[in-house]
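Take a look at the letters that make up each chain.
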Amino acid sequence: MTKRLLLYSALIIFAVFFFYPFLWMVVTTFRPEADIGALSILPARVTLENYIAVFRKIPILRAFFNSLLVSVSVTAGVLAFCSMAGYALSRLKFRGRNAIFFLILFTMMLPFQITLIPQYLLMVKFHWVNTYLALIIPFTMSAFGIILFRQHFLTIPQDLIDAARIDGCSEMHILFRILWPLSVPTLVTVGILTFMTIWNDVLWPIIVIRNQDLMTMPQLVTLFAVGGRAEGLLGLKLASATLLALPIVVAYSFFQRYFIESMATSGLKS
Amino acid sequence: MAEVVLKKVSKLFDKNIVAVDSVNVTVKDKEFIVLVGPSGCGKSTTLRMIAGLEEISAGEIYIDGRLVNDVPPKDRDIAMVFQNYALYPHMTIYDNMAFGLKLRKYPKDKIRQRVEETAEILSITGLLKRKPKVLSGGQRQRVAVGRAIVRRPKVFLFDEPLSNLDAKLRVQMRAEISKLHQQLKSTMIYVTHDQVEAMTMGDRIVVMKDGKVHQLDTPLNLYHHPVNKFVAGFIGSPAMNFLTCRVAKNGKFKLMDGKIEIPVPEKYQEKISVYVGKQVFLGIRPEDIYLPEKAFGVTEKLSLRNEVEVVEPMGNEVYIYLKTGAHNIIARLTADSLPKSGSQIDLIFDLSKMHLFDSDTENRIV
Ligand SMILES: Nc1ncnc2c1ncn2[C@@H]1O[C@H](COP(=O)(O)OP(=O)(O)OP(=O)(O)O)[C@@H](O)[C@H]1O
Ligand SMILES: [Mg+2]
Numbered sequence: 001m002t003k004r005l006l007l008y009s010a011l012i013i014f015a016v017f018f019f020y021p022f023l024w025m026v027v028t029t030f031r032p033e034a035d036i037g038a039l040s041i042l043p044a045r046v047t048l049e050n051y052i053a054v055f056r057k058i059p060i061l062r063a064f065f066n067s068l069l070v071s072v073s074v075t076a077g078v079l080a081f082c083s084m085a086g087y088a089l090s091r092l093k094f095r096g097r098n099a100i101f102f103l104i105l106f107t108m109m110l111p112f113q114i115t116l117i118p119q120y121l122l123m124v125k126f127h128w129v130n131t132y133l134a135l136i137i138p139f140t141m142s143a144f145g146i147i148l149f150r151q152h153f154l155t156i157p158q159d160l161i162d163a164a165r166i167d168g169c170s171e172m173h174i175l176f177r178i179l180w181p182l183s184v185p186t187l188v189t190v191g192i193l194t195f196m197t198i199w200n201d202v203l204w205p206i207i208v209i210r211n212q213d214l215m216t217m218p219q220l221v222t223l224f225a226v227g228g229r230a231e232g233l234l235g236l237k238l239a240s241a242t243l244l245a246l247p248i249v250v251a252y253s254f255f256q257r258y259f260i261e262s263m264a265t266s267g268l269k270s
Numbered sequence: 001m002a003e004v005v006l007k008k009v010s011k012l013f014d015k016n017i018v019a020v021d022s023v024n025v026t027v028k029d030k031e032f033i034v035l036v037g038p039s040g041c042g043k044s045t046t047l048r049m050i051a052g053l054e055e056i057s058a059g060e061i062y063i064d065g066r067l068v069n070d071v072p073p074k075d076r077d078i079a080m081v082f083q084n085y086a087l088y089p090h091m092t093i094y095d096n097m098a099f100g101l102k103l104r105k106y107p108k109d110k111i112r113q114r115v116e117e118t119a120e121i122l123s124i125t126g127l128l129k130r131k132p133k134v135l136s137g138g139q140r141q142r143v144a145v146g147r148a149i150v151r152r153p154k155v156f157l158f159d160e161p162l163s164n165l166d167a168k169l170r171v172q173m174r175a176e177i178s179k180l181h182q183q184l185k186s187t188m189i190y191v192t193h194d195q196v197e198a199m200t201m202g203d204r205i206v207v208m209k210d211g212k213v214h215q216l217d218t219p220l221n222l223y224h225h226p227v228n229k230f231v232a233g234f235i236g237s238p239a240m241n242f243l244t245c246r247v248a249k250n251g252k253f254k255l256m257d258g259k260i261e262i263p264v265p266e267k268y269q270e271k272i273s274v275y276v277g278k279q280v281f282l283g284i285r286p287e288d289i290y291l292p293e294k295a296f297g298v299t300e301k302l303s304l305r306n307e308v309e310v311v312e313p314m315g316n317e318v319y320i321y322l323k324t325g326a327h328n329i330i331a332r333l334t335a336d337s338l339p340k341s342g343s344q345i346d347l348i349f350d351l352s353k354m355h356l357f358d359s360d361t362e363n364r365i366v
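Residue numbers (the working numbering), protein chains in the order written: chain A, 1 to 270; chain B, 1 to 366.
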């Protein structure tokens, strides 16, 4: 009994440590700038002026839609293309299949920083800088997604695929009408992890996007909060950060179960 | 309604594993042919090549007169039933059966009519709205068969469709598939490793081993005239007994098994003459061994004293495991004969039913 009590107190203390700063941030965005020094959770005076200022100063709604567009497109691309590649690598017979697979595995070991500059140069050559294409196209294939799909498809009995082939399915039919419905957990895992990675990315957008109307939400908020346009007003910075966190919190509360499952099944945190 | 011809068909895996070795088979129109053989002999591979699921390394396959080597499975006008049923888990039974027709762009009402008709034949009408995972093994099996026949293909391929069913259901489905064959009047190629299934269902049987066809014949011909020791041992249950003997001549040609002297029937004397001094295999089926008082009408007989090791009463008959000199022998006796294990009994071997095989080639001598 005392053991349990101790455990719970420890957990509560940790939870407070984690949660308090976040809660404080949210509460503080509703305080007038002059009150911000207070550490208490309950605001003395409530105001919306921070938010109004943020909306006036930066196109944050536009940035939200940019982020949504980019993340959804990349996720859709990853699901389609990685599952195709995973299918080919697990079920089609062709020369060099294993070599290609190992090459893909190898790319996973390269840190992002190494390919950053060549990739940027590529975007310049393609004239994709300052377009959505630069944010979307390079990410519609991921080694991680391919491998996850490949491993999952290997667990589906060959007979099922053979039966579909005899029934008259083309390879695309097999993938999308037979394998996809049997791969929902993998689709969800790859989908959520891809979406979150893309949604949270700041570095790449900062490199390829300079036009404020095309900026993603994290990019815009980072530039706003760190880049001096908030004029040193803490309330504005915190309000923009809160707006940035909002969609993730909402998405998380809806898809909580899948988030946790996908973290657990993929065996890694991004 | 089609003939299937395999001409020197071979399959190599990874360039060196020979799974199927120059197989020649002609399956006649409307014939029910069974491929049988021990595990790993290449039955499934052969069937999968006919289906187009496996590339053909060498040789030619014709279906209904058309060379199909490079024709994809869906255009071969075949249907296949798999061992583990391979039903689409995310579709209802109706959709499972309708899937092939939908892909072939049949009109909706035609599909419905076909599926319902087929479900009727297989008595699975009540299951159409369910998903495969709630069905029993036997029901899934029916659905798998239904999915095959709903398309009315020219050729049906079965790969060990009954091996996941319990013994009773297996016997029942065996009869149903045979009945279906008579109803549909289409060509069926059926793979099994169970020789009882092969014997009871096949119009003709292809016996395979190590990728090669050893014999292609009717069930009774396989049973009475096996071309070699392998076929002789594979067909029939319990399996044929084999004794290694030396051929000797003393007046007539005889077989010597240690001290036991086995006379060779008159009709085989000439054929055996070239084997003098050599070893041969003598084959005798368990049902050609009798208790002395039951051996009426056996003319060419050999009486041997045997030690009874195990007695297996089956109800309608008894299998007796015997030790005869250095050999282990199984006899199949009538149900009323129940010797005690450990006892010594005399048994009569019907030598007119003997089979003889060359000890090097294992081919049939007589
Ligand atoms: N994809 C493959 N790659 C390599 N070897 C294979 C492959 N498929 C089958 N083989 C080999 O080919 C041989 C024949 O296999 P096959 O599946 O046709 O045997 P089978 O007669 O159907 O046996 P079973 O009764 O066990 O099903 C076996 O030795 C097997 O190991
Ligand atoms: Mg097989």
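One or more of the hints may lead you astray.
Partner residues are not named here, just some residues of chain B that face chain A (Cβ under 10 Å, in silico) [to be verified]: (1) 82; (2) 89; (3) 101; (4) 103; (5) 107; (6) 300; (7) 341; (8) 342.
Derived SDA-like pairs: lysine to any residue, alpha-carbon spacing no greater than 25 Å straight-line [claimed, not checked]: (9) B/15 - A/91; (10) B/102 - A/55; (11) B/209 - B/59.
If you are wondering where the hints come from, they were derived from the structure by calculation, not from laboratory data.
For clarity, every value in this text was computed on a predicted model and none was experimentally measured.
Think of the CB as a built atom: it goes at the ideal place given N, C-alpha and C, for glycine as much as any other residue.
Hints, one by one, checked against the model:
The restraint placing residue 82 of chain B at the interface with chain A holds, with a minimum CB-CB distance near 4 Å, inside the 10 Å limit. Among the interface hints, the one on residue 89 of chain B holds; its C-beta lies about 6 Å from the nearest C-beta in chain A, closer than the 10 Å criterion. Taking 10 Å as the C-beta contact cut-off toward chain A, the hint placing residue 101 of chain B at the interface holds, the least distance being around 9 Å. Interface hint at residue 103 of chain B: satisfied, since its Cβ lies 4 Å from the closest Cβ of chain A, which is below the 10 Å cut-off.
A cut of 10 Å between beta carbons decides the hint on residue 107 of chain B: the least distance to chain A is about 16 Å, and the hint is violated. At its closest, the beta carbon of residue 300 of chain B sits 51 Å from a beta carbon of chain A; the interface hint therefore is violated under the 10 Å criterion. Look at residue 341 of chain B: its Cβ only gets to about 45 Å from chain A, farther than 10 Å, so that hint breaks. Proximity of residue 342 of chain B to chain A is violated relative to the hint, the smallest CB-CB distance being about 49 Å (cut-off 10 Å).
Only pairs whose Cα atoms come within 25 Å are accepted, and residue 15 of chain B paired with residue 91 of chain A is accepted, the gap being roughly 19 Å. Of the pairs offered as hints, the one joining residue 102 of chain B and residue 55 of chain A is violated, with about 53 Å between alpha carbons and a cut-off of 25 Å exceeded. This hinted pair checks out: residue 209 of chain B and residue 59 of chain B have alpha carbons roughly 19 Å apart, not beyond 25 Å.
The earlier numbered hints that this structure contradicts are 5, 6, 7, 8 and 10.
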